[in-house]
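Novice: Chains X and L, in that order, give the protein sequences.
Mapping of the first sequence onto the numbering used here: residues 1 to 444, in sequence order.
Mapping of the second sequence onto the numbering used here: residues 1 to 444, in sequence order.
These are computed hints drawn from the structure, not numbers from a lab.
Please note that a few of the clues may not be correct.
What the hints assert, rightly or not - Calculated pairs, DSSO-like style, for lysine-lysine (alpha carbon to alpha carbon, straight line, at most 27 Å): (1) X/K52 <-> X/K35; (2) X/K414 <-> L/K400; (3) X/K336 <-> L/K174; (4) X/K150 <-> L/K417; (5) X/K317 <-> L/K248; (6) L/K46 <-> X/K417; (7) L/K248 <-> X/K335; (8) X/K174 <-> L/K174; (9) L/K248 <-> X/K331.
As the list claims (entries may be wrong) - Take a look, some chain L residues computed to stay more than 12 Å from chain X by CB distance: (10) L104; (11) R145; (12) E197; (13) K204; (14) K230; (15) R244; (16) K336; (17) S342; (18) K363; (19) R388.
Stated by the list, open to error - Facing chain L, from chain X, some residues (calculated, C-beta under 7 Å): (20) L163; (21) K173; (22) G319; (23) L322; (24) V323; (25) T409; (26) N431.
By construction, the Cβ of each residue, glycine as well, lies at the ideal position given by its N, Cα and C atoms.
Protein chains: 2
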Amino acid sequence: MLDKFFNPKKVVVVGASRFPGKIGNVIFRNLLDKKFSEFCVNPKAKSIYGKKCYSNVLQVKGKIDLAVIATPAKTVPGILDECGQKGIKNVVIISAGFKEVGNLKLMRELEKVIDKYKLRVIGPNCLGVFDSYSDVDTMFMLKQRLHRPKKGDISLVSQSGALGAMILDLASKKHLGFSKFVSYGNAIDVNETDILEYLGKDKKTKVICMYIEQIKDGQRFVRVAKKIKKPIIVLKGGMTSAGRAAAKSHTGSLAGSGEIYLGALRQAGCIQVKSIEEMFIMAEAFEKIKNLPKGNKIQVITNGGGYGINAADLLEKAGLRLVQPSKRCVKQLNKKFPAIVSVNNPMDLLGDSTNERYDLAIKACAKDKNNDLILVLILTQVPLINERLANKICADAKKKPLIAVVTGTGLADKISKKLKEKGIPCYEQINDAVTAIKGLVFRK
Amino acid sequence: MLDKFFNPKKVVVVGASRFPGKIGNVIFRNLLDKKFSEFCVNPKAKSIYGKKCYSNVLQVKGKIDLAVIATPAKTVPGILDECGQKGIKNVVIISAGFKEVGNLKLMRELEKVIDKYKLRVIGPNCLGVFDSYSDVDTMFMLKQRLHRPKKGDISLVSQSGALGAMILDLASKKHLGFSKFVSYGNAIDVNETDILEYLGKDKKTKVICMYIEQIKDGQRFVRVAKKIKKPIIVLKGGMTSAGRAAAKSHTGSLAGSGEIYLGALRQAGCIQVKSIEEMFIMAEAFEKIKNLPKGNKIQVITNGGGYGINAADLLEKAGLRLVQPSKRCVKQLNKKFPAIVSVNNPMDLLGDSTNERYDLAIKACAKDKNNDLILVLILTQVPLINERLANKICADAKKKPLIAVVTGTGLADKISKKLKEKGIPCYEQINDAVTAIKGLVFRK
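Here chain X stands alone, though its shape is the one from the complex (with noise of 0.2 Å):
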């Protein structure tokens, strides 16, 4: 039944506003000219954008499969009502003024009606549904101000509203790709664990990305994660003493013990990352490898020995492993290469190397059962390498999952550009990929 959020072909809004620059005008304006038909509700106004105007959602003809409600806090309880007797079934508010200031007796009041006409509520005080491919989009920050992503694999749940709003914003200007995102504020009705459940049925999302403060029903929310195959990125906020007194003043949340919490996630299966910069890491790895790693042995490629060795420290640190390339591996390089390199782990081809050189390394470690996924460093200060290199990287990458790290200015922007758009996750900087390898490594 959650569907009808991210797929409706009628949706009302109610609140929608003339006035640019408020909420009510924001949300209409985004929803204008999609796929679905959409439907305005303002006593005061007769038509916004051209659509007529309706005084309630009660006038509005025929089947409405969403209402989003922006209107002052009190007059929910009845307009969700009218929802009710209307027929619609799924509801996003965005309107504040519940929970979070106290106002238990107006929740109250919303849960009854929820109950009566067994509505499916996301909110109050939240910004709602946005979906890349169905263009719903509650959300009621500009788009010049929050620029919205392309399509893509990713899904995001987040309690925090300008959290999540953030994580989009910025997804669009490091060019990830998002299926869905819900942001479930107050969660009345819709909690974390129905949106995760939803999303791990979903055909177009492969990765959950999710920002909480607390999880209503924690033997709830193990259960339904167990069941998802697709990896769960979760950051949870909280997890320390400064963190949790920080959530009780923002959402009123609870946020448990942070050892609980990790003792849960894991037990879930959840791959717990610290900060937003982890979770797009993992996010983007996950969504681009496609064969995932067996083992934790790494083979490690560079053109800087300093680079490598910096590489070798980060992934022992991190718990895995760098074995020797095999005696097989070694001899058909070693044929091939100039006596100055040397056939080890990290294998360093030099500041002279080659494309070619590049290649040869990588379609032998490919083969090789020493190693489980190839770390590839590429410096492009130096002269013999250029953009072509990606080219071999991609042809080469389809038998082992590969991560690059290309670092430098210019020819570095053009190489991981392609190696991105041909889909193999590429990071600037060793401590990234790491983070990644981690996370496919060691997920659930």
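Let chain X serve as the given structure and place chain L on it in line with the hints.
Specialist: Chain L in isolation, oriented as in the chain X frame:
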């Protein structure tokens, strides 16, 4: 005596070449038309880029301060002897083919010449020297591949040439200013501690960054480092067994036990980092922050509750403290803020925050004794803040160390650029800001 490496009046390049792409060509061209005069030695050429070509250094008239040698390894001892005869005291040997390929005999020949004339030699097998102020630049990387960073206060010493080159290139991309760079390669004479000592006294260096795999004389290093008041940020390669094995094959370095180095570097008062990214983050913070924090109490100001909670979590995990604002500060702000804003730590100014609300908050916190540093988080997806916020923050940041995190597209880039120009460290992600704060608070 090391000063002539950075501030020579006359420089000679031995092995200068007419052919673009050749190492001796790149080096000579990078030294043309600078504040010093330059000469070239190549017995096969008459002139290079219009400059008369000599068949050896003895033929060059007048006193030469610095020679750069880029000829085949076997010719280097003879050329170095001629440098000695000519009275050149400072020599950079770029040429490879010595210790790193096991040619110890050739190393001993060089050592004899160095002793004979009491020369100061950087290299062999190195990139040599870069100085953004004097324009000395012996790096054989083309400028279109290795963009040189702008003038600034950070100096870098790197045992790995490639890693050092990459750091400079990235610095130019990130608009970080650098003063000096030394790649010392096999360190036949001048080593990491010599350069550290020089940079400790150098007026154009405020922050020292080092990449080292091996320290030749640990006790002297500790002694020298201890005396230096400037921050010394060290990335030590080969801290794990995998890294040590790689270091051995890279520069033949016996990288030694990670724990021994950890202890020695701590004793020396160095700030240890695990990655290039951490090095950049801390270098930028130390370069920009003029009044270092006096303690570990951090006040967080945010317009996104979830972001504030994440900051609180990361700060507490890093050993930093969030103390509530003083009664006086709370009273003062309560008078001016709408009732819904609660004056806490993190202080959540809410999504409808204006420039003015940030201004009031920062001003009050800058005077508050309950914090030693202010961390300002700005999510730019909301409508009521704009570019002018940067000016307000800059004006307020004079009384207390302040670090900013600005996250988003468009507006975020504008605010962040302005803050950086005015000397305020500014990051896109909270975890980077926390890394910077850790460095600033837990320095020496």
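Novice: Work down the list of hints and note, for each, if the structure agrees.
Specialist: Each hint, compared with the structure:
1. For the hint linking X/K52 to X/K35, the alpha-carbon distance of about 18 Å falls within 27 Å, and the restraint holds.
2. Among the hinted pairs, X/K414 with L/K400 is inconsistent with the structure: their alpha-carbon atoms are about 41 Å apart, more than 27 Å.
3. For the hint linking X/K336 to L/K174, the alpha-carbon distance of about 38 Å lies beyond 27 Å, and the restraint is violated.
4. In summary, the hint linking X/K150 to L/K417 is supported, as the alpha carbons are separated by about 26 Å, within the 27 Å threshold.
5. About 18 Å separates the Cα atoms of X/K317 and L/K248, which keeps this hinted pair within 27 Å; it holds.
6. A distance of roughly 45 Å separates the Cα atoms of L/K46 and X/K417; the hinted pair therefore is violated under the 27 Å criterion.
7. Annotation: proposed proximity of L/K248 to X/K335 holds, straight-line Cα distance about 23 Å (limit 27 Å).
8. For a cut-off of 27 Å, the pair hint linking X/K174 to L/K174 stands: about 17 Å separates their Cα positions.
9. With a C-alpha separation of about 21 Å, the suggested pair L/K248 and X/K331 falls inside the 27 Å cut-off, and the hint holds.
10. The beta carbon of L/L104 sits about 17 Å from the closest Cβ of chain X, which is more than 12 Å, so the claim that it is off the interface holds.
11. For L/R145, the requirement that its beta carbon stay farther than 12 Å from each beta carbon of chain X is not met, with the minimum near 5 Å.
12. With a closest Cβ-Cβ approach of about 22 Å to chain X, L/E197 is found to remain outside the 12 Å limit, as its non-interface label requires.
13. Residue-level check passed: L/K204 sits 24 Å from the nearest beta carbon of chain X, beyond 12 Å.
14. Chain X leaves L/K230 outside its interface by the beta-carbon criterion, the shortest separation being 23 Å against a cut-off of 12 Å.
15. The beta carbon of L/R244 is not kept farther than 12 Å from every beta carbon of chain X, the shortest such distance being approximately 8 Å.
16. Against chain X, the non-interface label of L/K336 holds: every CB pair exceeds 12 Å, the least being about 19 Å.
17. Distance check on L/S342: its Cβ comes as close as 6 Å (rounded) to a Cβ of chain X, failing to clear the 12 Å threshold; non-interface status is violated.
18. At the 12 Å boundary, the C-beta of L/K363 stays outside the reach of chain X, the nearest C-beta of that chain being 22 Å off.
19. No beta-carbon of chain X is positioned within 12 Å of the beta-carbon of L/R388; the least distance is around 15 Å.
20. The beta carbon of X/L163 is positioned within 7 Å of a beta carbon in chain L (closest approach about 3 Å), and the interface hint is therefore held.
21. Look at X/K173: its Cβ gets to within about 5 Å of chain L, closer than 7 Å, so that hint holds up.
22. Below 7 Å, beta-carbon pairs count as interface contacts, and X/G319 has none with chain L, the closest being about 11 Å; its hint is therefore violated.
23. Of the supplied interface hints, the one on X/L322 holds, with its beta-carbon coming within about 4 Å of a beta-carbon of chain L, less than 7 Å.
24. Because the closest C-beta pair between X/V323 and chain L is about 10 Å apart, greater than 7 Å, the hint is violated.
25. With 7 Å as the threshold, the beta carbon of X/T409 comes within range of chain L, its nearest partner Cβ sitting at about 5 Å, so the hint holds.
26. A cut of 7 Å between beta carbons decides the hint on X/N431: the least distance to chain L is about 4 Å, and the hint holds.
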